[in-house]
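*Asks:* Take a look at the letters that make up each chain.
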Amino acid sequence: MGLKFEIVKILLYSEMEKGNGEVSITFAIVSLTLMLFRVLYVIYWSGKPLRTEAPGALSTLIILGSGGHTAEMINLLLVLQKERFSPRFYIAAATDNMSLQKARTLENNLVDENGVKEVQTARFMQIYRSREVGQSYFTSVWTTLVAMAHALWLMTKIRPQVILCNGPGTCVPLCAIAFFFKVVGVRWSSVFYVESIARVRRLSLSGLLLYKLRIADQFFVQWPQLQRQYPRAHYVGCLM
Amino acid sequence: MGDTEDGIKLKKTVFVTVGTTCFDALVRAVDTREVKDELLKRGYTHLIIQMGRGSYTPTKSGGDDGSLAVDFFTFSSSIADHLRSASLVISHAVYDYIHFWDHGAGSGSIFETLRLGKPLIVVVNEDLMDNHQSELAEELAERKHLYCARPQTLNQTIAAMNLESLLPYPPGNAIPVAKLINRFLGFPDD
Numbered sequence: 001m002g003l004k005f006e007i008v009k010i011l012l013y014s015e016m017e018k019g020n021g022e023v024s025i026t027f028a029i030v031s032l033t034l035m036l037f038r039v040l041y042v043i044y045w046s047g048k049p050l051r052t053e054a055p056g057a058l059s060t061l062i063i064l065g066s067g068g069h070t071a072e073m074i075n076l077l078l079v080l081q082k083e084r085f086s087p088r089f090y091i092a093a094a095t096d097n098m099s100l101q102k103a104r105t106l107e108n109n110l111v112d113e114n115g116v117k118e119v120q121t122a123r124f125m126q127i128y129r130s131r132e133v134g135q136s137y138f139t140s141v142w143t144t145l146v147a148m149a150h151a152l153w154l155m156t157k158i159r160p161q162v163i164l165c166n167g168p169g170t171c172v173p174l175c176a177i178a179f180f181f182k183v184v185g186v187r188w189s190s191v192f193y194v195e196s197i198a199r200v201r202r203l204s205l206s207g208l209l210l211y212k213l214r215i216a217d218q219f220f221v222q223w224p225q226l227q228r229q230y231p232r233a234h235y236v237g238c239l240m
Numbered sequence: 001m002g003d004t005e006d007g008i009k010l011k012k013t014v015f016v017t018v019g020t021t022c023f024d025a026l027v028r029a030v031d032t033r034e035v036k037d038e039l040l041k042r043g044y045t046h047l048i049i050q051m052g053r054g055s056y057t058p059t060k061s062g063g064d065d066g067s068l069a070v071d072f073f074t075f076s077s078s079i080a081d082h083l084r085s086a087s088l089v090i091s092h093a094v095y096d097y098i099h100f101w102d103h104g105a106g107s108g109s110i111f112e113t114l115r116l117g118k119p120l121i122v123v124v125n126e127d128l129m130d131n132h133q134s135e136l137a138e139e140l141a142e143r144k145h146l147y148c149a150r151p152q153t154l155n156q157t158i159a160a161m162n163l164e165s166l167l168p169y170p171p172g173n174a175i176p177v178a179k180l181i182n183r184f185l186g187f188p189d190d
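Chains as they are written, first to last, in our numbering: chain A, 1 to 240; chain B, 1 to 190.
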């Protein structure tokens with residue numbers, strides 16, 4: 001502690017000697033305050049409807065969570081008006097081929113229904129997971145960094161206006177980056193999270209994070225008990 | 001169902017499925033005298049067990065001497081067919097995320113069985129600690145869509161169940177979510 005204090009003192013004195021110490025401290029405080037206000041501003045406006053007039057088509061990122069999560073998401077996609085949510089970007093974990101296959105089938109059926117081969121409105125991508133089941137914690141430090149960099153790269157490319165997700169893990173880094181984009185003003189996106197039907201009494205970890213950190217603009221649950229526990233959530237009945 | 005006029009029993013199959021999980025406690029439970037007796041009393045004639053990755057092998061039986069005919073297999077691509085031809089389904093409780101589509105198109109899940117309108121007993125694996133699996137099964141049991149049991153209480157559940165009192169499970173509906181999303185984004189309701 002003492003040593004640290006000394007170092008800070010020395011650093012401060014050397015700054016002061018240059019005659020701009022106070023200026024840089026003031027600058028740091030001001031920029032920190034501004035950043036804090038920006039974060040609070042974003043949190044304040046998150047969860048509030050965007051506009052009053054009807055928007056055009058919105059670019060939409062759909063995060064497929066694997067298995068039952070993907071099945072629930074596809075049930076939602078079946079009833080969403082596709083022309084409003086376009087273009088659509090699908091992301092699934094690199095180890096999960098089944099989900100993208102299901103999404104491709106859904107998109108192909110759309111093309112068939114409309115008769116004409118539509119201009120490519122759907123894209124499919126895979127993302128590295130930060131940690132596979134059973135992976136050691138030591139190597140997962142490295143893989144987490146790779147996964148974060150990959151998520152950032154994908155999000156920079158897509159910059160979606162709408163994000164639809166329903167857990168598990170994969171959606172958290174992507175949604176965190178979306179929040180970061182809101183703070184720095186790259187893109188204002190609306191994040192929708194639907195908690196799984198299997199969660200009756202407690203939220204999943206992903207759900208809890210997105211709810212508590214107010215990253216999700218709208219948070220949906222499929223059982224009324226959960227809504228009572230998490231009052232900002234919307235109860236929507238069962239998707240399955 | 002029940003006996004036909006000439007006294008030959010109609011085929012009534014119980015299908016037991018553990019999905020891709022390992023659930024020896026359930027396979028062992030359905031292989032006990034108590035459970036088999038209760039099933040016979042209820043008029044079931046055949047027992048087919050999909051035992052997954054478990055290591056406990058049940059005893060096969062032809063069912064000629066008026067006992068329950070028992071057959072088993074580890075995995076199959078036609079779980080959906082077995083579900084369809086069953087009169088009663090006894091299933092594990094895990095809402096199987098990872099292996100959801102392993103059995104072809106069907107998930108072999110609780111919901112697939114409910115959608116087929118089959119009477120269902122979901123058995124909770126108590127060896128899986130810190131698992132939210134029983135939440136869903138218990139909630140659906142409370143709403144009378146299925147019965148929820150533990151391996152050691154399965155025979156009591158079979159003895160006490162009243163299949164007439166089960167309520168059909170209404171199909172899922174994503175329209176409420178879609179409506180809220182549209183409204184939030186400023187799209188008009190149609």
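Any given hint could turn out to be false.
[Stated by the list, open to error] Rough simulated footprint, nothing fancy, chain B against chain A, three-plus residues with beta-carbon under 8 Å: (1) 25-38; (2) 54-63; (3) 191-200; (4) 216-224; (5) 229-239.
[Unchecked claim] Heads up, simulated EDC-like pairs for lysine to aspartate or glutamate below, C-alpha to C-alpha not over 16 Å straight-line: (6) Lys11(B) / Asp64(B); (7) Lys82(A) / Asp65(B); (8) Lys82(A) / Asp112(A); (9) Lys36(B) / Asp81(B); (10) Lys41(B) / Asp65(B); (11) Lys179(B) / Glu83(A); (12) Lys36(B) / Asp65(B); (13) Lys82(A) / Asp189(B); (14) Lys60(B) / Glu138(B).
Think of the hints as simulated: they come from the structure by calculation, not from any bench. Even for Gly, the Cβ is constructed at its ideal location relative to N, Cα and C.
*Asks:* Any of the earlier hints contradicted here, and which numbers?
*Replies:* Hints 1, 7, 9 and 14 not satisfied by this model.
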